[in-house]
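Number of protein chains: 4
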Amino acid sequence: MPIVLAGNSYGKSRVRVVKVTRRADGHDLAELAVNVRFEGDFDAVHTAGDNSAVLPTDTMKNTVNALAKAWSGEPIEEFGCQLAEHFLGDNPRVSRVRIEIGQSQWIRLDRHAFTRGSEEKQTTEVVGARGGTDIQSGIESLIVLKTAGSAFEGYKKDRYTTLKETSDRILATAITARWAYRTAKVAFGACRQRAREAILKTFVEQDSPSVQHTAHAMGEAVLNAALDISEIRLTLPNKHCLLVDLAPFGLDNLNEIFVPTDEPHGLIEVYLARQT
Amino acid sequence: MPIVLAGNSYGKSRVRVVKVTRRADGHDLAELAVNVRFEGDFDAVHTAGDNSAVLPTDTMKNTVNALAKAWSGEPIEEFGCQLAEHFLGDNPRVSRVRIEIGQSQWIRLDRHAFTRGSEEKQTTEVVGARGGTDIQSGIESLIVLKTAGSAFEGYKKDRYTTLKETSDRILATAITARWAYRTAKVAFGACRQRAREAILKTFVEQDSPSVQHTAHAMGEAVLNAALDISEIRLTLPNKHCLLVDLAPFGLDNLNEIFVPTDEPHGLIEVYLARQT
Amino acid sequence: MPIVLAGNSYGKSRVRVVKVTRRADGHDLAELAVNVRFEGDFDAVHTAGDNSAVLPTDTMKNTVNALAKAWSGEPIEEFGCQLAEHFLGDNPRVSRVRIEIGQSQWIRLDRHAFTRGSEEKQTTEVVGARGGTDIQSGIESLIVLKTAGSAFEGYKKDRYTTLKETSDRILATAITARWAYRTAKVAFGACRQRAREAILKTFVEQDSPSVQHTAHAMGEAVLNAALDISEIRLTLPNKHCLLVDLAPFGLDNLNEIFVPTDEPHGLIEVYLARQT
Amino acid sequence: MPIVLAGNSYGKSRVRVVKVTRRADGHDLAELAVNVRFEGDFDAVHTAGDNSAVLPTDTMKNTVNALAKAWSGEPIEEFGCQLAEHFLGDNPRVSRVRIEIGQSQWIRLDRHAFTRGSEEKQTTEVVGARGGTDIQSGIESLIVLKTAGSAFEGYKKDRYTTLKETSDRILATAITARWAYRTAKVAFGACRQRAREAILKTFVEQDSPSVQHTAHAMGEAVLNAALDISEIRLTLPNKHCLLVDLAPFGLDNLNEIFVPTDEPHGLIEVYLARQT
Numbered sequence: 196m197p198i199v200l201a202g203n204s205y206g207k208s209r210v211r212v213v214k215v216t217r218r219a220d221g222h223d224l225a226e227l228a229v230n231v232r233f234e235g236d237f238d239a240v241h242t243a244g245d246n247s248a249v250l251p252t253d254t255m256k257n258t259v260n261a262l263a264k265a266w267s268g269e270p271i272e273e274f275g276c277q278l279a280e281h282f283l284g285d286n287p288r289v290s291r292v293r294i295e296i297g298q299s300q301w302i303r304l305d306r307h308a309f310t311r312g313s314e315e316k317q318t319t320e321v322v323g324a325r326g327g328t329d330i331q332s333g334i335e336s337l338i339v340l341k342t343a344g345s346a347f348e349g350y351k352k353d354r355y356t357t358l359k360e361t362s363d364r365i366l367a368t369a370i371t372a373r374w375a376y377r378t379a380k381v382a383f384g385a386c387r388q389r390a391r392e393a394i395l396k397t398f399v400e401q402d403s404p405s406v407q408h409t410a411h412a413m414g415e416a417v418l419n420a421a422l423d424i425s426e427i428r429l430t431l432p433n434k435h436c437l438l439v440d441l442a443p444f445g446l447d448n449l450n451e452i453f454v455p456t457d458e459p460h461g462l463i464e465v466y467l468a469r470q471t
Numbered sequence: 196m197p198i199v200l201a202g203n204s205y206g207k208s209r210v211r212v213v214k215v216t217r218r219a220d221g222h223d224l225a226e227l228a229v230n231v232r233f234e235g236d237f238d239a240v241h242t243a244g245d246n247s248a249v250l251p252t253d254t255m256k257n258t259v260n261a262l263a264k265a266w267s268g269e270p271i272e273e274f275g276c277q278l279a280e281h282f283l284g285d286n287p288r289v290s291r292v293r294i295e296i297g298q299s300q301w302i303r304l305d306r307h308a309f310t311r312g313s314e315e316k317q318t319t320e321v322v323g324a325r326g327g328t329d330i331q332s333g334i335e336s337l338i339v340l341k342t343a344g345s346a347f348e349g350y351k352k353d354r355y356t357t358l359k360e361t362s363d364r365i366l367a368t369a370i371t372a373r374w375a376y377r378t379a380k381v382a383f384g385a386c387r388q389r390a391r392e393a394i395l396k397t398f399v400e401q402d403s404p405s406v407q408h409t410a411h412a413m414g415e416a417v418l419n420a421a422l423d424i425s426e427i428r429l430t431l432p433n434k435h436c437l438l439v440d441l442a443p444f445g446l447d448n449l450n451e452i453f454v455p456t457d458e459p460h461g462l463i464e465v466y467l468a469r470q471t
Numbered sequence: 196m197p198i199v200l201a202g203n204s205y206g207k208s209r210v211r212v213v214k215v216t217r218r219a220d221g222h223d224l225a226e227l228a229v230n231v232r233f234e235g236d237f238d239a240v241h242t243a244g245d246n247s248a249v250l251p252t253d254t255m256k257n258t259v260n261a262l263a264k265a266w267s268g269e270p271i272e273e274f275g276c277q278l279a280e281h282f283l284g285d286n287p288r289v290s291r292v293r294i295e296i297g298q299s300q301w302i303r304l305d306r307h308a309f310t311r312g313s314e315e316k317q318t319t320e321v322v323g324a325r326g327g328t329d330i331q332s333g334i335e336s337l338i339v340l341k342t343a344g345s346a347f348e349g350y351k352k353d354r355y356t357t358l359k360e361t362s363d364r365i366l367a368t369a370i371t372a373r374w375a376y377r378t379a380k381v382a383f384g385a386c387r388q389r390a391r392e393a394i395l396k397t398f399v400e401q402d403s404p405s406v407q408h409t410a411h412a413m414g415e416a417v418l419n420a421a422l423d424i425s426e427i428r429l430t431l432p433n434k435h436c437l438l439v440d441l442a443p444f445g446l447d448n449l450n451e452i453f454v455p456t457d458e459p460h461g462l463i464e465v466y467l468a469r470q471t
Numbered sequence: 196m197p198i199v200l201a202g203n204s205y206g207k208s209r210v211r212v213v214k215v216t217r218r219a220d221g222h223d224l225a226e227l228a229v230n231v232r233f234e235g236d237f238d239a240v241h242t243a244g245d246n247s248a249v250l251p252t253d254t255m256k257n258t259v260n261a262l263a264k265a266w267s268g269e270p271i272e273e274f275g276c277q278l279a280e281h282f283l284g285d286n287p288r289v290s291r292v293r294i295e296i297g298q299s300q301w302i303r304l305d306r307h308a309f310t311r312g313s314e315e316k317q318t319t320e321v322v323g324a325r326g327g328t329d330i331q332s333g334i335e336s337l338i339v340l341k342t343a344g345s346a347f348e349g350y351k352k353d354r355y356t357t358l359k360e361t362s363d364r365i366l367a368t369a370i371t372a373r374w375a376y377r378t379a380k381v382a383f384g385a386c387r388q389r390a391r392e393a394i395l396k397t398f399v400e401q402d403s404p405s406v407q408h409t410a411h412a413m414g415e416a417v418l419n420a421a422l423d424i425s426e427i428r429l430t431l432p433n434k435h436c437l438l439v440d441l442a443p444f445g446l447d448n449l450n451e452i453f454v455p456t457d458e459p460h461g462l463i464e465v466y467l468a469r470q471t
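Protein chains in written order, with my numbering: chain A, 196 to 471; chain B, 196 to 471; chain C, 196 to 471; chain D, 196 to 471.
No lab work stands behind these hints: they were computed from the structure. One or more of the hints may lead you astray.
With the Cβ distance kept under 10 Å, some of the chain B side facing chain C (calculated, not the full set) [stated by the list, open to error]: (1) Tyr355; (2) Lys359; (3) Thr361; (4) Pro443; (5) Gly445; (6) Asn448; (7) Val454; (8) Glu458.
Listing some non-contacts, in silico: residues in chain D with all C-beta distances to chain B over 12 Å [claimed, not checked]: (9) Ala243; (10) Asp305; (11) Gln331; (12) Thr342; (13) Lys352; (14) Phe398.
Note that the Cβ used here is the ideal one computed from N, Cα and C, for glycine as well.
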């Protein structure tokens, strides 16, 4: 059976850019990491070594820098669309352009000074194709922990089960959310803020019988709070904080001393949509 | 519009295990990191907080340890199948089990002593479902570099292009490969070895007009060398080594001095299959 | 010439512990990573394989957990002293115990919920010896950036210098500070707060002719603000944000578009003390 | 009490460079990461913002690139000395120059192709001062593991000790070694090879009653094998592989199944010298 090139893509990853918007009364700061990816008719590149249709990935990087100059500085969804539109327009062999943007957190100290926030990233992925543009936005690495209101009981047990049931545990996770929009005409910044607040409010206020239930409740809360969001995926690692057994030392441990662990970790994913 | 749970999964990630096989004339060593993931009918867990169908992820970890005891120590595909079969059999609510295994590289020093090899990982993903089992294997982080036989010329230029054409550059990459099998009855170890050798031989021997062409040639070589492999995906970052401009210091630089960079990096993906 | 054991130490590193202090109106949270290190007369362990004087490092870990139970939850200097005193008292062969503690940042969301802050760590190192205890505290990874008020001009140039002078650049750094105290009777929490505020205020308010000058000014400000601090060392990497040349694309770049880089980076260290 | 500048240093860290030596019958490859650091009379920089004595760290980077061109390609000690000498000669205000070099491992595939080896680094630190030059070389991250010939018994127990004694455990570590030379006229490459082989041979062949004893034996072996080495420091983390308790599942575990852990870890340091 002959071998065929069934798919291909190429691009530039981790194009980092800082944009300073110089207003009269101070500066705004945006730090982004951008990935650009092309799909299309590039068979001759792969099979014949004919590079004539290949825009270098170095040019993709230059283009991110050049278009960052004209970009208003927010929101990232707008910048993603500008990049996708530019690349599609200039490269007829390209059928799909995928732009991924992650924005780091800087907290203002004064008009020109900032301090780094948490690892949390604001993200968007814009996929531009000949038939239209698809935008999905989200959040990565929103780390939260609660010391009350979390249990894990009544689960299935088999011969390999040693976990103790608990009505009171630490729940710690690093939330990744990713949502799609019902239309392309969205106030992206306001929508993102509502989604983020719904996630945090659910985490803080709702008792958690499992990470699964909490993840689902977050998804529901987002869809109820942000009507422009049509569907959402949430990924929640269970960053286990294990209760330390102090009994050998003659001490009780009433949920006071824990050892936080990185691996192994539980991993919970849910996907909620509006029924059509 | 009502909100629906359109998808869900859960599992345990980064279950690390070392298995020592104690033979009469020495020990064998396998170090694995295993991910386990369940999909199925878990709606009540998410919506009603009913955990009765949830096998704890801690039990998944215990099961990996317990089944590692009985496993022969190679190949990883066999261990993945054993885990998938166990979990499917014991959990009727589960429709799909996904087992991902990555094996680290240890190089034998003598009968009982080993030294760590490179970052390269041998990988497999076994997906067990009610209708059958699907196995995909691969390699991650096989880092290679060549100082001759690589060029990048004749590419498309637009107004954002500043890259200089070159007939002689360093090509450095970290190969990720992932292939599927034509049947489930495969000599996994021998097949993996043939695939890996085909990739390295292509890198070493073939001139590279572009990373795209090299990736494609690797895929062809694997499919030609290992007839049990039905399709392959290759992902090659272009780990740029930039030629340093020494002219300001009165020195030429005939491809002698480079600065290796981590970001940004090019990223090339190809997908080759046998025509059906 | 015979070979001698000229020095030795051993201990446990990265002992992670979360302590929850359960007050009537809510919970407090402290997440620490602790290193314990012993020095002393352990020659027979090394030369004769006689382990009778070796307290296992696993026991050090257990001790951190057990003593965390009794600790009040702040400040970390107090916990360090309690650990050092315990180990010195129980291990007559030990001449010096070094306790290093790093505290991660959690930001309160409500009475029982928290979100991760930045990478910044609050640190202390307590060295207990038979003659007395020495405490040094500090901060790690306090990341800041300013978009105005930073220049680098008038520096020495040699034949390898290509850097352009600039009266206006981005200054970004990740501050590590480490200070000693004039006495052991210090209000550690208040002193730390004054030191941290002095560092940030200096960064925000003072124009920077060089990272060296800024680091020195921070040290002076700390010593002026916190009279219980006798000396301070500051380490400031220069996390370069390079101005992107947009001229090839027909665009100016009036300090708007930068590429942040991780390597190479400048590294500036100063050590300020009170004259005796 | 007035505040004084009691110490200062500055430099460039993580200057990465790849040097290709183009011989008639093939290419040699050296990948280095270089740190440069100056100490000296730079008070006016810190206190008055007078930069006239400051050679920019960007120039240090350029100098590494320029001198790499003339360097023969091995050993790294020679390159360190060339850099130190250059900087001392050109910068009269500098009293000490510290050059740290780490070399990554590439394994030859053919005349022009290489594959990445392990994480192990070959290191050197050259300190050039007005009174002479000091060279210390070493190894970092030489990861080894043995499944037999390691015990830990007969240790001290207190009320916080829960560790079980064992006559047979896995010993895994990542060796860092650092040695000084008796003279400056040394065959650096041959000396390094003898030191490395002595370390590995000791690990493989000698039974280990403790990491302390193994580290000491490695130091002795190096000093016995390489007479040009005057002293050596070894740092060995105990990368614990914990025996998994399979008894709850009705299985024994005769040192077959372990869980490797990253934290916490033991940390053992020894310093051996020749008696003078």
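In rising order, the numbers of the hints this structure does not comply with: Of the numbered hints, 2, 3, 6, 10, 12 and 14 do not hold.
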